[in-house]
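Hints given; two lone chains; assemble the complex.
Order-wise, the sequence lines are chains A and B.
Take 0 as the starting number for the first sequence in numbering that gives the first Met the number 0 and just add one per residue.
Take 0 as the starting number for the second sequence in numbering that gives the first Met the number 0 and just add one per residue.
I should point out that these hints are in silico values taken from the structure, not numbers from a laboratory.
Idealized CB from N, CA, C, for every residue including glycine.
Among chain A residues calculated to face chain B with C-beta under 10 Å, some are:
| hint | residue |
| --- | --- |
| 1 | Leu52 |
| 2 | Phe53 |
| 3 | Leu56 |
| 4 | Phe61 |
| 5 | Ala67 |
| 6 | Gln75 |
| 7 | Glu195 |
| 8 | Ala198 |
| 9 | Tyr200 |
| 10 | Leu201 |
| 11 | Val202 |
| 12 | Leu206 |
| 13 | Ile214 |
| 14 | Leu219 |
| 15 | Pro220 |
| 16 | Leu223 |
Now the in silico label distances, taken between C-beta atoms and shown as ranges:
| hint | chain 1 | residue 1 | chain 2 | residue 2 | range |
| --- | --- | --- | --- | --- | --- |
| 17 | B | Gly3 | A | Leu56 | 35 to 45 Å |
| 18 | A | Gly279 | B | Ala30 | 18 to 28 Å |
| 19 | A | Pro256 | B | Phe17 | 52 to 62 Å |
| 20 | A | Leu230 | B | Leu133 | 21 to 31 Å |
In silico contact screen, one side only, chain A against chain B (beta carbon under 10 Å); selected entries:
| hint | residue |
| --- | --- |
| 21 | Leu48 |
| 22 | Gly49 |
| 23 | Phe57 |
| 24 | Val60 |
| 25 | Ser63 |
| 26 | Trp65 |
| 27 | Arg66 |
| 28 | Ile68 |
| 29 | Tyr69 |
| 30 | His70 |
| 31 | Gly197 |
| 32 | Lys205 |
| 33 | Phe208 |
| 34 | Met209 |
| 35 | Phe213 |
| 36 | Phe218 |
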Amino acid sequence: MPANPQGQVAVPDHKRWGADRGPVLKLGKYLAIAKINLHQAIVYRSNVLGGLLFYALFIFVFFSLWRAIYHGGEVQGYSLRQVVWYLCITELLVFGCRTPVFTQMNEDIKTGALAYQLIRPCHYVAYQFAGAVGRMVFNLVCFGILAVVLGMVMVGPLPDYALTKLPLGILSACLGLVINFFLLMCLGLTAFRLEENGAFYLVYQKLVFMLGMFIPLEFLPGWLQRIARWLPFPYVAWAPARLLVAFSWPLFWQILPLQVFWAAIAIGLSLLLYRQGMRGLQANGG
Amino acid sequence: MSNGHKLHSIFTLIGLYFRVNLASAMEYRSAFMLQVFGMVLSNGSFVFFWWVAFSQIGARIGGYDFTDVMFIWAVTSSAFGTANILFANMNHISRLIISGELDTFLLQPKSVLTSVLCARTSLSAWGDLLYGFLLIALTQGADGRAWLMFFCGLVIGALLMTAVAVTAHTLTFYVGDASTLAGMSVEFIVNFCIYPKGIYAGWVQVLMATLIPATFMVHLPLQLARQFDLLLFAGLLAASAAYCSLAGFFFYRGLRRYESGNLIVTRL
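Bound conformation, chain B alone (with noise of 0.2 Å):
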């Protein structure tokens, strides 16, 4: 199969995921509007709390204006919310290793690893994939340059959180259980994504920029959205691709020292 065929393959596993994780999330539909709003008024607390700050402090905080922080919030939380709407198993690959469920995903015809992302949906996720809309709608406007690199921000920064992810779990095929671990990877990059680069000391800046890719997620979108350079671009672009696929052939790695637990599952 050439690389467009399995691209094409995969992407129409992820649509087919989606509209099946979606029907069944609408079934419980208050559920969903009130876990969407809850999560849209628990984001909005952090407007108030930037704007006392920018009001208090004057014009900008670590090189960033009030809409510059507005703008690199609402790319994380869509990033956030479009990775855990499409690929919410991703917070849960440790335990499936751990209890042999992925014998299930093992046997499908299809990528393993698609399979294993797609299969749950979050509620709340799409709380906070709308949030960022309203955001970039309410302060960027009508800046087309912003709403382009918030469209891109948003799929880069959900892939490369994902990516994050799979690596982090990935490591349970190699040392036992690294739940804690991977649920602090996600939780270190939303707290460096949602606050002005130059806050950091220059160390700090390193593990943006590679550990933990914050960087290529939200701050060289604003950067872009700013002044947009093309080579600068096509960095981001090749940087985040090669991130992505690392953290695939890291997982397939590990999944040779998988070993089954013979466990009978019923996937409904």
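Just chain A, with the same shape it has in the complex (with noise of 0.2 Å):
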């Protein structure tokens, strides 16, 4: 590996963005990526059923439990079908469609595997991000398929939901899948800086529960809505399940440029961090 007289390595021009080639090559290798990803996951399909059955039970508890919450009517809007179909969503989106980012980046990093993913004739993130919509297609399949099985057995469908509005509450939930992943590969990008960053993703995660997953943002009090609203975290899960549930078009104006904005500052700040994380980097040898 070239290093500079610092003893950096120096980064090749097709890690640069923009670099050299068209877009439509770049875009063409990054699908070949997924494409490679989509198909180990089929091939070792059976690594997914232990999930779809832990899928099931976290359903099975939550239904109980709302519908002992539950004695009928609604609770801050949402009816008890409305609320299981919730959680399936929320569950698919963040249990289902889980990507291993974080530890990767952590191992990667930690172990200098990185060092040699370098090597590959493409950018790192992209690189990353790719194998992980691969994976995600398949998990989206197999758990969205049960998401629906489970959501008709155990409440029925949704009375006059409006299919015509699927696809963009599938934006959404499309565009929380890729807030999700940045910020999880911002986290494990700090291991350039932090030995011990573990702390970061526990709480990370809890806030994704927290913040949507676990229940709606509307039940939560009116001074934690307000601040939860200008974060992140419940533009994960709650914001695409609840547009998925109970579409309107003003929360739909509402939800989704907030969406598109944190989706465009965890991807900058992943890459910013990349670069940064790239200036210090050090391959000794292997």
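This is the structure in structure tokens:
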């Protein structure tokens, strides 16, 4: 690996954003990476079975809990049926489509395995994202089917559901997954500076759980809701689940720009952290 | 050897393993503290969930009020912590059987099952143990009966959790790798312990009193903490002892089917 006089690894041209190749060729490269990961997920499909069982258990436990909580009627605008579908969706996005990017980044950086990844003719961050997309597509299909089955069996379909709004909810879900992935990548990239960064991950995970995954944001006290809406965490699970179970145009136009904003911040921050981390990277043989 | 001597020997062995494992954990103090802190924080977030749930819904969910839910959470957390501090190797029995690493334990002049279970500890489990104590102190105050039943639940829960894991891993002797099933069995128990019993349908409650003994681990201790009944307490102890004895019996029956891998293993 070429190193500059300070012993730092020189970043090859193809690692810089916007360098040389045309955008179509670049996209094709990352699509191929996503395809390989999707293929791998399909080949090792039995790995997903345990996750599916856990998913079903979580949904069953929460279904039992919310059924006991609801004595009829609505809580904060949600009916029991909507809450159960809401949980099916949030669990699908956070648990079903979970990505090991944090542990992967930590391992790559701490063990020095990152040096081997840099030889590949692609940007490291984009490479990780493309790989995660491939795996997520498979998980989304498997857990998505189970989510629909469980929702239908436990509470039945949502009354008067407008299927035409479904693509907009799916768009919001994709943005939620992007925000989640890049925020986790930012946390993983802190390994360039901090040896022990596991606490950040735990705190992040709990914030996502509490601000939308386990309970809709509307159930929180007013002051907390106001704070939470300024943070990125509810836009991972709450926003898409809310749009998917109770779509409204005003809410959509309120949520979508914020999701795009947080996705851009998370992507920008991860690129910045990666760039700064690469400046200080020293790879010693191997 | 009389039963009394046997028990004394087992407790001495557990104590020795505990001291060695603790000394080993203390070599990495900062990692230890971080894991303990992380686990307390992680568990603490669920208090927030229940606080929101109760503030939205009112006084009782599934027959439990907020302090009842905190009690079952405290017992579950501390029981899980104790089981994983003392018997963390319960999660690795299938791997030991498959890889032939049980040989090392068979050669030791003490109880095989105790040696296997105690050979490993979990650092983060101290966080679970500590969290239970914090929760009880904060939510039950100076209620002596609650504290007493918390300690009973902690011991019974830790033993039952271990017994379930051992039973599930023992299936590896009969049907091949049962590690996924065993991992799930512990997850199932934890999940059925941390929510009010009353939220579940009748058939699930039957499961919780038989195959998944969550009722004995937390729900009966809670009932006894609120209204003590000597007969019920004796029944709880008897059922727990029977469950643990069955797990031990099942393990040793399974052990007869074990075939050595002739693997040379060094234990440091």
